[in-house]
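A.B. asks: What follows is the residue order along each chain.
Protein chains: 2
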Amino acid sequence: MCVPGCMEAVRAGLSRRGFFGRAGAAAAGFAATAVTPVPAPAATLAPRSFERMIDLTHTLGPQFPTFFDTPGIEFETRAEYAKDGYNMYVWKLLEHAGTHIDAPIHFAAKGASVDQIAADTLVVPLAVVDVVERADNDPDYLLSRDDLVAWEAKHGRLPRGCCVAMHAGFGRIAVSDPARFIGRDVDGTLHFPGIAPEAAAWLLNDREVAGLAVDTLSLDNGPSTEFGTHKLWLTAGRWGLENVANLDQAPPTGATLVVGVPKVKDATGAPVRLFAFV
Amino acid sequence: MCVPGCMEAVRAGLSRRGFFGRAGAAAAGFAATAVTPVPAPAATLAPRSFERMIDLTHTLGPQFPTFFDTPGIEFETRAEYAKDGYNMYVWKLLEHAGTHIDAPIHFAAKGASVDQIAADTLVVPLAVVDVVERADNDPDYLLSRDDLVAWEAKHGRLPRGCCVAMHAGFGRIAVSDPARFIGRDVDGTLHFPGIAPEAAAWLLNDREVAGLAVDTLSLDNGPSTEFGTHKLWLTAGRWGLENVANLDQAPPTGATLVVGVPKVKDATGAPVRLFAFV
Numbered sequence: 001m002c003v004p005g006c007m008e009a010v011r012a013g014l015s016r017r018g019f020f021g022r023a024g025a026a027a028a029g030f031a032a033t034a035v036t037p038v039p040a041p042a043a044t045l046a047p048r049s050f051e052r053m054i055d056l057t058h059t060l061g062p063q064f065p066t067f068f069d070t071p072g073i074e075f076e077t078r079a080e081y082a083k084d085g086y087n088m089y090v091w092k093l094l095e096h097a098g099t100h101i102d103a104p105i106h107f108a109a110k111g112a113s114v115d116q117i118a119a120d121t122l123v124v125p126l127a128v129v130d131v132v133e134r135a136d137n138d139p140d141y142l143l144s145r146d147d148l149v150a151w152e153a154k155h156g157r158l159p160r161g162c163c164v165a166m167h168a169g170f171g172r173i174a175v176s177d178p179a180r181f182i183g184r185d186v187d188g189t190l191h192f193p194g195i196a197p198e199a200a201a202w203l204l205n206d207r208e209v210a211g212l213a214v215d216t217l218s219l220d221n222g223p224s225t226e227f228g229t230h231k232l233w234l235t236a237g238r239w240g241l242e243n244v245a246n247l248d249q250a251p252p253t254g255a256t257l258v259v260g261v262p263k264v265k266d267a268t269g270a271p272v273r274l275f276a277f278v
Numbered sequence: 001m002c003v004p005g006c007m008e009a010v011r012a013g014l015s016r017r018g019f020f021g022r023a024g025a026a027a028a029g030f031a032a033t034a035v036t037p038v039p040a041p042a043a044t045l046a047p048r049s050f051e052r053m054i055d056l057t058h059t060l061g062p063q064f065p066t067f068f069d070t071p072g073i074e075f076e077t078r079a080e081y082a083k084d085g086y087n088m089y090v091w092k093l094l095e096h097a098g099t100h101i102d103a104p105i106h107f108a109a110k111g112a113s114v115d116q117i118a119a120d121t122l123v124v125p126l127a128v129v130d131v132v133e134r135a136d137n138d139p140d141y142l143l144s145r146d147d148l149v150a151w152e153a154k155h156g157r158l159p160r161g162c163c164v165a166m167h168a169g170f171g172r173i174a175v176s177d178p179a180r181f182i183g184r185d186v187d188g189t190l191h192f193p194g195i196a197p198e199a200a201a202w203l204l205n206d207r208e209v210a211g212l213a214v215d216t217l218s219l220d221n222g223p224s225t226e227f228g229t230h231k232l233w234l235t236a237g238r239w240g241l242e243n244v245a246n247l248d249q250a251p252p253t254g255a256t257l258v259v260g261v262p263k264v265k266d267a268t269g270a271p272v273r274l275f276a277f278v
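Chains as they are written, first to last, in my numbering: chain A, 1 to 278; chain S, 1 to 278.
Everything labelled a hint here was simulated from the structure, so no lab data went into it.
Each residue gets a CB set at the ideal place from its N, CA and C atoms; glycine is no exception.
Accuracy of the hints is not assured; some may be wrong.
[As the list claims (entries may be wrong)] Below 30 Å or equal to it, Euclidean Cα-Cα: the simulated DSBU-like pairs (lysine-lysine) are:
#1 A/LYS110 <-> S/LYS92
#2 S/LYS92 <-> A/LYS83
#3 S/LYS154 <-> A/LYS92
#4 A/LYS83 <-> S/LYS154
#5 A/LYS265 <-> S/LYS154
#6 S/LYS110 <-> S/LYS154
#7 A/LYS92 <-> A/LYS265
[As the list claims (entries may be wrong)] Simulated restraints, written as ranges between beta carbons of each label pair:
#8 A/PRO252 <-> S/GLU76: 16 to 24 Å
#9 S/ASP146 <-> A/PHE68: 50 to 58 Å
#10 S/GLU76 <-> A/ALA150: 53 to 61 Å
#11 A/GLU152 <-> S/GLU198: 18 to 26 Å
#12 S/LYS154 <-> A/TRP202: 23 to 31 Å
#13 S/ASP146 <-> A/ASP177: 22 to 30 Å
#14 A/ASP177 <-> S/GLU76: 47 to 55 Å
#15 S/ASP136 <-> A/ARG180: 25 to 33 Å
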């Protein structure tokens with residue numbers, strides 16, 4: 001597989017230039033900062049081969065924890081094998097449930113919906129930042145700019161057009177310990193790690209990153225009421241991934257992430273299949 | 001990227017052996033035929049690189065044609081930016097709408113649901129069989145065993161563990177001419193091409209194929225009331241893809257298909273993102 005940037009423009013998608021062009025305009029309106037355009041990552045990476053695949057996706061059912069304290073999905077039976085000769089459901093689906101994508105329009109007055117995210121920004125280098133130990137000591141831990149600088153000191157500059165994933169160790173407890181995964185306290189405040197807005201701003205302004213990912217319920221940490229990272233990142237035309245699974249199996253760098261998101265018109269988010277190829 | 005078979009077993013998925021083992025058992029019950037087990041395709045294919053990506057996915061909205069004459073998706077607004085500071089919908093989704101997967105359980109009393117399809121059978125070699133000219137002359141055209149034999153005469157034996165895709169030219173008209181795409185006549189009978197059950201049976205018994213794909217509404221052709229290909233193929237534990245887009249851009253052989261299907265528990269089908277890497 002070639003790295004993303006050397007892929008041809010996809011017929012039905014938006015061009016990278018168009019996508020990030022709008023992103024910059026939107027971000028300028030929100031944060032009054034200049035956003036570095038994201039060039040094609042191919043310029044710095046040669047074609048490469050892959051030898052194994054990691055499924056970064058949780059199974060989504062009615063029991064999977066959600067941010068909203070309601071089931072993420074419910075089923076209505078439309079056909080049954082015994083009666084109709086086949087089985088079929090209709091889903092009532094909260095589009096931000098399970099392992100899912102946040103499209104720019106999720107936190108912006110205007111912005112790309114799921115179907116408008118450029119296809120070639122959905123196949124990107126994956127950078128995994130391990131904050132497990134810090135998150136074990138602080139359930140509200142915010143991944144910081146220092147964490148990113150430390151990652152670069154070990155692994156080199158973040159690849160152009162990559163997805164930066166926070167690995168807080170929460171993928172392990174999403175199913176086994178949903179109460180801890182959500183972290184709701186007696187006052188109703190949630191507690192789980194997220195990405196600091198200042199870290200997101202640094203990535204937006206000083207690096208060339210297509211997406212953020214977290215293994216928790218939200219890009220912002222549990223207690224956040226401002227949703228600063230959501231606002232900054234999505235308003236800038238980038239996408240986010242939440243409830244990512246199995247990041248403990250992914251290398252810090254070198255994998256390619258494929259974001260398998262159904263191309264649903266106008267959607268602000270959608271459940272996804274995430275494969276990392278190593 | 002390595003070809004699928006050399007990928008490590010994915011933690012949360014079923015093993016290929018387990019998947020096709022159940023498939024064989026189910027098929028034996030239905031068709032009283034022995035089904036050839038499908039070995040890992042890696043045995044015959046070396047690691048390879050890819051240089052471009054083709055998006056084989058239609059955009060799914062309420063207007064996209066469905067088999068059932070009802071909208072495939074409808075939206076309920078859960079949050080609005082102007083009022084709530086963010087946008088969010090709940091989808092009412094027919095799980096067999098748009099470019100989607102049929103899981104084995106769709107046409108079987110027992111069988112794998114979407115979440116139970118082994119992850120490593122979702123990244124497979126793609127074989128595209130062009131029947132556009134025949135479909136132009138016969139809207140009910142059935143891809144035949146002869147078509148498959150002719151494909152092999154040109155391109156060699158179908159790769160182990162591949163997806164066989166029927167390219168009937170219907171991807172071009174799904175959006176531009178939905179009435180012709182559905183082909184409903186005055187009596188209510190539908191007209192569009194599909195795959196003949198005898199061709200599916202040959203693939204099941206004499207080749208080692210993971211999935212079937214069509215650029216029409218159904219694996220069976222429009223007038224079918226028996227759904228012979230659905231029953232044979234899905235009961236054998238294989239998956240199917242319907243409403244595939246842009247097959248005119250895919251080569252007859254040499255591409256790798258990634259089936260990005262959300263991992264929804266118990267689902268009989270699901271909208272997917274399909275990427276072909278060439």
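A.B. asks: Hints first: check each against the structure and report whether it holds.
C.D. replies: Checked hints:
Only pairs whose Cα atoms come within 30 Å are accepted, and A/LYS110 paired with S/LYS92 is accepted, the gap being roughly 24 Å. Between the alpha carbons of S/LYS92 and A/LYS83 the distance comes to roughly 23 Å, so the proposed pair stays at or under 30 Å and holds. Taken as a hint, the S/LYS154 and A/LYS92 pair is broken in the structure, with Cα atoms around 46 Å apart against an allowance of 30 Å. Restraint check for A/LYS83 and S/LYS154: the C-alpha separation of about 44 Å exceeds 30 Å, so the hint is violated.
Taken as a hint, the A/LYS265 and S/LYS154 pair is broken in the structure, with Cα atoms around 39 Å apart against an allowance of 30 Å. For the suggested pair S/LYS110 and S/LYS154, the alpha carbons sit about 38 Å apart, so the restraint of at most 30 Å is broken. Pair hint A/LYS92 plus A/LYS265 holds up; C-alpha atoms about 17 Å apart against a cutoff of 30 Å. Separated by about 41 Å at the C-beta atoms, A/PRO252 and S/GLU76 break the suggested range of 16 to 24 Å.
In this structure, S/ASP146 and A/PHE68 meet the distance hint of 50 to 58 Å, their C-beta atoms being roughly 54 Å apart. Taking 53 to 61 Å as the suggested C-beta distance range, the pair S/GLU76 and A/ALA150 does not conform, at roughly 44 Å. The given range of 18 to 26 Å is broken by A/GLU152 and S/GLU198, whose C-beta atoms sit roughly 59 Å from each other. Hint check: S/LYS154 to A/TRP202, Cβ distance near 54 Å, so the stated range 23 to 31 Å is violated.
Hint check: S/ASP146 to A/ASP177, Cβ distance near 57 Å, so the stated range 22 to 30 Å is violated. Distance hint check for A/ASP177 and S/GLU76: the Cβ-Cβ separation is about 31 Å, which falls outside the suggested range of 47 to 55 Å. Between S/ASP136 and A/ARG180 the Cβ separation comes to about 59 Å, which falls outside the hinted range of 25 to 33 Å.
Violated hints, listed in ascending order, are 3, 4, 5, 6, 8, 10, 11, 12, 13, 14, 15; each of the other numbered hints is respected by the structure.
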